[in-house]
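Peer 1: Next come the chains, spelled out residue by residue.
Protein chains: 2
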Amino acid sequence: MKSIKVGLLGIGTVGAGTFNVLKRNQEEISRRAGRGIEIVMVADLDVARAKELVGAQCEVVKDGNLVVNNPDIDIVIELIGGYGIAKDLVLKAIANGKHVVTANKALLAIHGDEIFKAAQDKGVMVAYEAAVAGGIPIIKALREGLTANRIEWIAGIINGTTNFILSEMRDKGLDFDTVLKEAQRLGYAEADPTFDIEGVDAAHKATLMAAIAFGIPVQFDKAHVEGITKLEAVDIRYAEQLGYRIKLLGIAKRTPQGIELRVHPTLIPTKRLIANVEGAMNAVLVQGDAVGATLYYGKGAGAEPTASAVIADLVDITRLADADPAHRVPHLAFQPHAMTDTPILPISEVTTSYYLRMPVADEVGVLAKVTSILAESTISIDAMLQKEPAPGETQTDIIMLTHQTQEKNVEAAIKKIEALSTVLGKVTKIRLEHLS
Amino acid sequence: MKSIKVGLLGIGTVGAGTFNVLKRNQEEISRRAGRGIEIVMVADLDVARAKELVGAQCEVVKDGNLVVNNPDIDIVIELIGGYGIAKDLVLKAIANGKHVVTANKALLAIHGDEIFKAAQDKGVMVAYEAAVAGGIPIIKALREGLTANRIEWIAGIINGTTNFILSEMRDKGLDFDTVLKEAQRLGYAEADPTFDIEGVDAAHKATLMAAIAFGIPVQFDKAHVEGITKLEAVDIRYAEQLGYRIKLLGIAKRTPQGIELRVHPTLIPTKRLIANVEGAMNAVLVQGDAVGATLYYGKGAGAEPTASAVIADLVDITRLADADPAHRVPHLAFQPHAMTDTPILPISEVTTSYYLRMPVADEVGVLAKVTSILAESTISIDAMLQKEPAPGETQTDIIMLTHQTQEKNVEAAIKKIEALSTVLGKVTKIRLEHLS
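Line order of the protein sequences matches chains A and B.
For what it's worth, the UniProt record's numbering labels the leading residue of the first sequence as 1, then goes sequentially.
For what it's worth, the UniProt record's numbering labels the leading residue of the second sequence as 1, then goes sequentially.
The set of hints was computed from the structure by calculation and includes no laboratory data.
It should be emphasised that the depicted structure is a prediction, and the values quoted were computed from it without experimental measurement.
It is possible that some hints are incorrect.
Lysine to aspartate or glutamate pairs mimicking EDC-like chemistry, simulated, CA-CA at most 20 Å apart [claimed, not checked]: (1) Lys222/A x Asp324/A; (2) Lys271/B x Glu278/A; (3) Lys429/B x Glu393/B; (4) Lys271/A x Asp324/B; (5) Lys23/B x Glu152/A; (6) Lys2/A x Asp289/B; (7) Lys271/B x Asp171/A; (8) Lys271/B x Glu240/A; (9) Lys415/A x Asp397/A; (10) Lys408/B x Glu393/B; (11) Lys2/B x Asp324/A; (12) Lys181/A x Asp289/A; (13) Lys5/B x Asp72/B; (14) Lys230/B x Glu240/B; (15) Lys23/B x Asp289/A; (16) Lys23/A x Glu152/B; (17) Lys23/A x Asp324/B; (18) Lys271/A x Asp341/B.
Sample of chain A residues lacking proximity to chain B, with all beta carbon distances greater than 12 Å (derived) [to be verified]: (19) Gly187; (20) Val200; (21) Ser308.
We put the beta carbon where it would ideally sit given N, CA and C, even for glycine.
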């Protein structure tokens, strides 16, 4: 059987990784796929560098349109990134009847519905395993491995940059800015790290996972997004003393009121396996009603781990390229006619537990006032930590862990606490999940 | 589209779980699969109990032949277990052109080649996600999620009973027999626990994983199988002091000389995520050349976790039931014509590290003699622990961790060490893997 022909848009780190792995493991991959998979055309603005990477056997062009319009090409891999030209070329490829593989979470989290609709109408596949958690086959697990389950919730460490920073902050007791600089020096954070450290990248991925877990449209604009830039070393330390570790989690949860879709720093019990995922590694914990909790762990970024996911998609498509679309897994796991419009809850309606740190005057009665405000708000306290003031200091910290309550309830209580004369500054609030 | 019709052979724990989950999540599952999946006939020796479980809407028969010969049935689920009647019925179902889902690792590890060949010839699917690690979609990850990779090795905690026992032995400092009784009382170990505690069950699963990872035939008879029955509490304690935890691992490794396929108690560094998989949980660590290490964790047994895997297979088959076989994933991940006959190495040819404990007389010079034997055998020492003898005792333990060497080399050295007059008993040998 002749090889399937692939065109590659963008040959940066992941593109080069894909090209190299496909070449290196060509034999192993064809033994599985039943036919060869061959990149025949590459488009990249830096034609000279691209030519150097791919050698003479593969055509290199500057204009991506030449790839998506090439009648010899069956599958287009989009590794350009962003929503501009990438979106344009993906839609053109689909219109031309080509299958698409993409690692572009931003594109899919924002324009996924439009792209999947176009693919559906045209009868082609758009595969995106590489868009979430790099080389970990989490999209496959959610779309296929756990189909028996009503998925209850997903909680993932899905951004390696922030997990590296948090691991370093905890390990070495350093503050955010210092560690960010180190991460940039080591290549774990980009020159402009905004998308990572502000939680946007994790929210793109959580949005995609929520869609395929619950059968809802892709709705990035409804996600609550909080990064780690305001996280202080002192809270990491207090959390540790209370038996918790702080991770940036992407959370998607089904509740009777609607779907929670949120990214924020989260305290999780240190004894959970996922709490021990350190450095730039990723892990996704999925709770299904039949299977219980399953966890998927691995490298969430990097040239070859991401290439591993891109190529897995290529093999899947190679198998089903000329099959009846009914034989394929639906783009968003659920049949297009079977999607639901369960609402995504605003953060004020979310129910979770909380870590609260308040700087207080070292005076009699302050604790009584705080606890009575919480009691009035029907917020019950799960654990408390009060530090002795340092010698000569008149200020100290009270740390409280609450049981589950609604966010707006906690916000109202915090306002009242901050109005107390014995509370000497803002209350720090970090959400807490038991993940059990 | 009308429902796909399923026949169920054996409605014990997993069968009942499958029936219940399929009923409870019928709507969610059809939203994914695109059509209903309906169990229309159940065969079980205990007809009365089966009738009670499934109600009036589903026919119950005593003879499994009525299921595999039923022309209305598209898929047969085999949950009888064992190699006798289960094999017979599976082959009959295949001969009748029915697809098969089975959780029967013993059957596939021993007769898999024959069964897959028959299915291949007949153009039907035999799916077995539930045969390895219960609800964890590890077969899907290996067969589809990691297709880009040359798999280098797999190491799995794939038997919940033994992991529960080892966790309890370590946690409570108890010996094997005591914990086994507790495990039986709690339902974590069967009345006849032989297959679990002797490593046979784990070896069945490791055999299947080796086949799909490396594209080799299923060869249970070549696996090296060692259980945990001889493991002593003292070694768990010493391992802990040296920074290691002892787990029963199923290991499949590709080496230039051949494939290693082995199940045995193994020291692994405590800091590895997989070392912290406790109780009856399962986890499989896979090393691929592109993706690096990925880990898959969850419940490896139980009614609904196993049902989760059975139903995922049902959904996969439902999608591809009437597709051209070329569109399907090959049974053993590699195309039948592309399998290799890479030999499986005997245990004497395996290369790994070792934990050695030797009871010695508390005399000058004993350590020198032991280390010189190891040096002569070119076995180098990575770490050592020598306990002070207890007051009034003249005997003590020396514990050594070696660097990598061949098993036969270690065996020869142990013979020489045991022949020393200052060595007062057998040397305890436990293999050690760094998993990095």
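Peer 1: Failing hints, ascending?
Peer 2: 1, 3, 4, 6, 10, 12, 17, 18, 21
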